[in-house]
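**Q** Starting from the structure of chain Y, add chain E where the hints point.
Going down the list, the sequences are from chains Y and E. Be aware that the first sequence starts at 104, since it is given in my numbering, and climbs by one per residue. Be aware that the second sequence starts at 9, since it is given in my numbering, and climbs by one per residue.
These are computed hints drawn from the structure, not numbers from a lab. Please read all numbers here as calculations on a predicted model, not as lab measurements. It cannot be assumed that every hint is accurate.
Not everything, but these chain Y residues come out facing chain E in the computed CB check (under 7 Å) [claimed, not checked]:
#1 L143
#2 K419
#3 P422
#4 E437
#5 E438
#6 S439
#7 R442
#8 A453
If you anchor each label on the Cβ, the simulated ranges turn out as follows [stated by the list, open to error]:
#9 E:R133 <-> Y:R135: 20 to 30 Å
#10 Y:F370 <-> E:I243: 16 to 26 Å
#11 Y:R376 <-> E:R204: 13 to 23 Å
#12 E:I243 <-> Y:M377: 23 to 33 Å
#13 Y:R164 <-> E:R78: 33 to 43 Å
#14 E:G168 <-> Y:E163: 42 to 52 Å
Beyond 10 Å from chain E on every Cβ pair, some chain Y residues (computed) [as the list claims (entries may be wrong)]:
#15 E178
#16 D189
#17 C335
#18 D429
#19 L464
Even glycine gets a Cβ: it sits at the ideal position worked out from N, Cα and C.
Take a look at the letters that make up each chain.
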Amino acid sequence: MSEEVFDRGRRTISGCGLSGMMSLTGERVDGRAIRASIALLHERSNGLGGGFAAYGIYPERRDHFALHIMYDTDEARRRTESALEDDFDVAQDERIPTRPHPGIVNPPSLMRYFVLPRASRLEEDGATAEDYVLARVMRVNAEISDAFVFSSGKNMGAFKAVGYAEDIAAFFRLDEYEAYIWIAHGRFPTNTPGWWAGAHPFTLLDWAVVHNGEISSYGINRRYLEMFNYQCTMRTDTEVMAYLLDLLIRRHELPVEVACDVLAAPFWEQIERMPEERRRLYSALRQVYGGALVNGPFAIIFARHGEMVGLNDRIKLRPLVAARKDSWLYLSSEESGIRAMCARPDLVWAPRAGQPVIGRLGSEVVAGEPAHGGRIAVGQEATSE
Amino acid sequence: MRIDASDLHYRDLNRRIREAAAAGTKSFDLLNVNGQRYIGDGIAGAEVEIDIHGVPGNDLGAFMDGPTIRVHGNAQDAVANTMNAGRIIVDGHAGDVLGYGMRGGELLVRGKVGYRVGIHMKAYRGRRPVIVAGGTAGDFLGEYMAGGLLIVLGLETTNGEPLIGDWCATGMHGGAIYLRGEVDPRQVASNFADLRAADAEDLQDIRESVEAFCEAFSLDAGRILGDGFMRVGPISHRPYGAKYAA
Numbered sequence: 104m105s106e107e108v109f110d111r112g113r114r115t116i117s118g119c120g121l122s123g124m125m126s127l128t129g130e131r132v133d134g135r136a137i138r139a140s141i142a143l144l145h146e147r148s149n150g151l152g153g154g155f156a157a158y159g160i161y162p163e164r165r166d167h168f169a170l171h172i173m174y175d176t177d178e179a180r181r182r183t184e185s186a187l188e189d190d191f192d193v194a195q196d197e198r199i200p201t202r203p204h205p206g207i208v209n210p211p212s213l214m215r216y217f218v219l220p221r222a223s224r225l226e227e228d229g230a231t232a233e234d235y236v237l238a239r240v241m242r243v244n245a246e247i248s249d250a251f252v253f254s255s256g257k258n259m260g261a262f263k264a265v266g267y268a269e270d271i272a273a274f275f276r277l278d279e280y281e282a283y284i285w286i287a288h289g290r291f292p293t294n295t296p297g298w299w300a301g302a303h304p305f306t307l308l309d310w311a312v313v314h315n316g317e318i319s320s321y322g323i324n325r326r327y328l329e330m331f332n333y334q335c336t337m338r339t340d341t342e343v344m345a346y347l348l349d350l351l352i353r354r355h356e357l358p359v360e361v362a363c364d365v366l367a368a369p370f371w372e373q374i375e376r377m378p379e380e381r382r383r384l385y386s387a388l389r390q391v392y393g394g395a396l397v398n399g400p401f402a403i404i405f406a407r408h409g410e411m412v413g414l415n416d417r418i419k420l421r422p423l424v425a426a427r428k429d430s431w432l433y434l435s436s437e438e439s440g441i442r443a444m445c446a447r448p449d450l451v452w453a454p455r456a457g458q459p460v461i462g463r464l465g466s467e468v469v470a471g472e473p474a475h476g477g478r479i480a481v482g483q484e485a486t487s488e
Numbered sequence: 009m010r011i012d013a014s015d016l017h018y019r020d021l022n023r024r025i026r027e028a029a030a031a032g033t034k035s036f037d038l039l040n041v042n043g044q045r046y047i048g049d050g051i052a053g054a055e056v057e058i059d060i061h062g063v064p065g066n067d068l069g070a071f072m073d074g075p076t077i078r079v080h081g082n083a084q085d086a087v088a089n090t091m092n093a094g095r096i097i098v099d100g101h102a103g104d105v106l107g108y109g110m111r112g113g114e115l116l117v118r119g120k121v122g123y124r125v126g127i128h129m130k131a132y133r134g135r136r137p138v139i140v141a142g143g144t145a146g147d148f149l150g151e152y153m154a155g156g157l158l159i160v161l162g163l164e165t166t167n168g169e170p171l172i173g174d175w176c177a178t179g180m181h182g183g184a185i186y187l188r189g190e191v192d193p194r195q196v197a198s199n200f201a202d203l204r205a206a207d208a209e210d211l212q213d214i215r216e217s218v219e220a221f222c223e224a225f226s227l228d229a230g231r232i233l234g235d236g237f238m239r240v241g242p243i244s245h246r247p248y249g250a251k252y253a254a
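So here's chain E without its partners, still in its complex pose:
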């Protein structure tokens, strides 16, 4: 199903998608999208595929439960908010607060990602949310992270461009963050998280996700996995446990 989203309000656009999906439509091509919020929100069904041409608005794929969304361009803020299952692929860059409270599924961004990516993402009953960023990430990566997997690959970065921003893993109490390349230890919140070189077992842990990323963007997974990764993991599962209750 093709929908020309030019000058279409998000409510009309999303109602058409929801009604068609409920009636059994599996494939959507959205053209001329610019800023429409909440696309794919709450849609269920692993067979549903939504292709977006243009820049979708905030909260793309929030509460989504199974579908695949591909953005042929950049995405804005709050992609995969509280997402449950499915896959979102962004060919360009994406903004801040990606994967907020995400509980399952995958978010694969070819380019850079913004601030507070993976904030409070969590694993849930056998589900394990994954975010892979091909470029660099901003400050507060994995803030209050409770579970899941965050991977920053730093592909095609140039000299002097930091892989991540400051205050990575602030409040972290679960999950794991993998960073491909050098990281200034002062960028990681040492009162919440440990930073160390990833070992062979860790690389096994991220292999599947890196391969999925490379398949989505036609890249060579073997070469990327061969480079040195650092791993950030929580020191405690209850970092604030002693703060408010003795």
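With the rest of the complex left out, here is chain Y:
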């Protein structure tokens, strides 16, 4: 990737915008609602990046890994495709359909490949298909300059760019995809550059994460992840979050709730007050996974197939609101962002610091939903003249 850095001469005080929606029954909808939500949060971003992840969009290729790759040069594309030909059976390759948009300037070449690991190589490797793909994604991103794999899951995809999120949705024609989970991000880069591969979501396999905040533990997290063969190449702190989720949940098989307790660990003074059994668990988690604790202010939405999760840092230094309507779970930086997707939610609530909201496919019960009513919307009758 030509690491062209965009800076529109603006450093307006703001914060990133996040939105997410999930059908707990797997009903798929197109990208118009999520676009409306992130468009409403326009003021939270500054045009230096945005993106979406969508789950369930490639049902006709559901068993293939869908690689979305951006290239800045033909040479990068040749080298990458040659590597893909060696390692994978490529069932289909094509340009990612786009529609020119005045807000999206100088796009790189955007390709997608539906692939399966070559059986003979996979056997030689002795790895799982996921770890095989992971290793090759890391290799392209670290070793081939001007090429970035920005999506590598099955039956899902990430779409991201420099620009405003609502323009990016139009550019990638997201009204033509149907997904049962959509997550979105409008970016306001603070300490790191605005560039195409550095836009959110950050993905790996079918993980996607969007983030508002700053990870002050980035250096510690990055070194910790390097011990497990994850290489950080995107020059943006959020990248570590995607790899930590993959490490903790897929490879170490921690339950999602426990992984959230690692990322947003309770303070020692809170652990001291816990009953004996919980105290032992949380002490052990902090001791074993100190390198995975994410410090600094954050609100994140992350997803993989079958799950969408919202999580705040442990003292809630960034906003996050949740809502339910029928079989849908909604998350957003602001309640108004939710109402842009869903005008009349049944229940709206503010998740507590460090306590995840977890929607699971096939379950009407959302973890983190307030047991005693929470923040029920009142007096919200839509009025018009």
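**A** The following block gives chain E in isolation, referenced to the frame of chain Y:
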């Protein structure tokens, strides 16, 4: 004056309000509000009334100096930021960082409030800002509080739902916080603040504000004031005085 705020950008909406208020309009009905920021910011004049239908965006009533705003619904973050005078009434719930640096006026929220409510609110030349929350509050209530009055009533809470979160009164050095109901003393920053039962004189101190709250929401003030309140007050007016300068 009625304004349909559907798809209206906050700059256009607020310009219309400011221009009409400057021309003498006293009453505003804002319909279909969703997420527009900065409504009522910097508007002066005790006679101005703004009714908001929908969910106003962040920084509602910032720097406001006199008007009354009523939100027929929920509000988001940073309501009454550095507000000088006037009254904001929220029929639903409100978010985080309410009343940041607030210097005067009242914020009355019928439901729950979020984190860092009343952060660094202060009394100023005879002005005394007041925030009353009808429901519960999140962590860091009254953080760095320098003056004014914070009241959490805990109405209609159910078993097990804490009245406030952790680290209440961290950095507190002025003002008073009143909490209606039981509080775990470990939730209050004991290095900054004292927690004790409110006495008759304290109840006199909050009577006017609780009555204003009850009037706004048609509740019985006598019954609410009859219940046990706890009071949180600062230990020192300069808690950091010895930290950086011996």
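**Q** It remains to establish, for every hint, whether it holds in the given structure.
**A** Here is what the structure says about each hint:
no.: 1; hint: L143; result: holds, 5 Å
no.: 2; hint: K419; result: holds, 5 Å
no.: 3; hint: P422; result: holds, 6 Å
no.: 4; hint: E437; result: holds, 5 Å
no.: 5; hint: E438; result: holds, 5 Å
no.: 6; hint: S439; result: holds, 3 Å
no.: 7; hint: R442; result: holds, 5 Å
no.: 8; hint: A453; result: holds, 5 Å
no.: 9; hint: E:R133 <-> Y:R135: 20 to 30 Å; result: violated, 52 Å
no.: 10; hint: Y:F370 <-> E:I243: 16 to 26 Å; result: holds, 22 Å
no.: 11; hint: Y:R376 <-> E:R204: 13 to 23 Å; result: holds, 22 Å
no.: 12; hint: E:I243 <-> Y:M377: 23 to 33 Å; result: holds, 28 Å
no.: 13; hint: Y:R164 <-> E:R78: 33 to 43 Å; result: violated, 54 Å
no.: 14; hint: E:G168 <-> Y:E163: 42 to 52 Å; result: holds, 49 Å
no.: 15; hint: E178; result: holds, 44 Å
no.: 16; hint: D189; result: holds, 50 Å
no.: 17; hint: C335; result: holds, 31 Å
no.: 18; hint: D429; result: holds, 20 Å
no.: 19; hint: L464; result: holds, 29 Å
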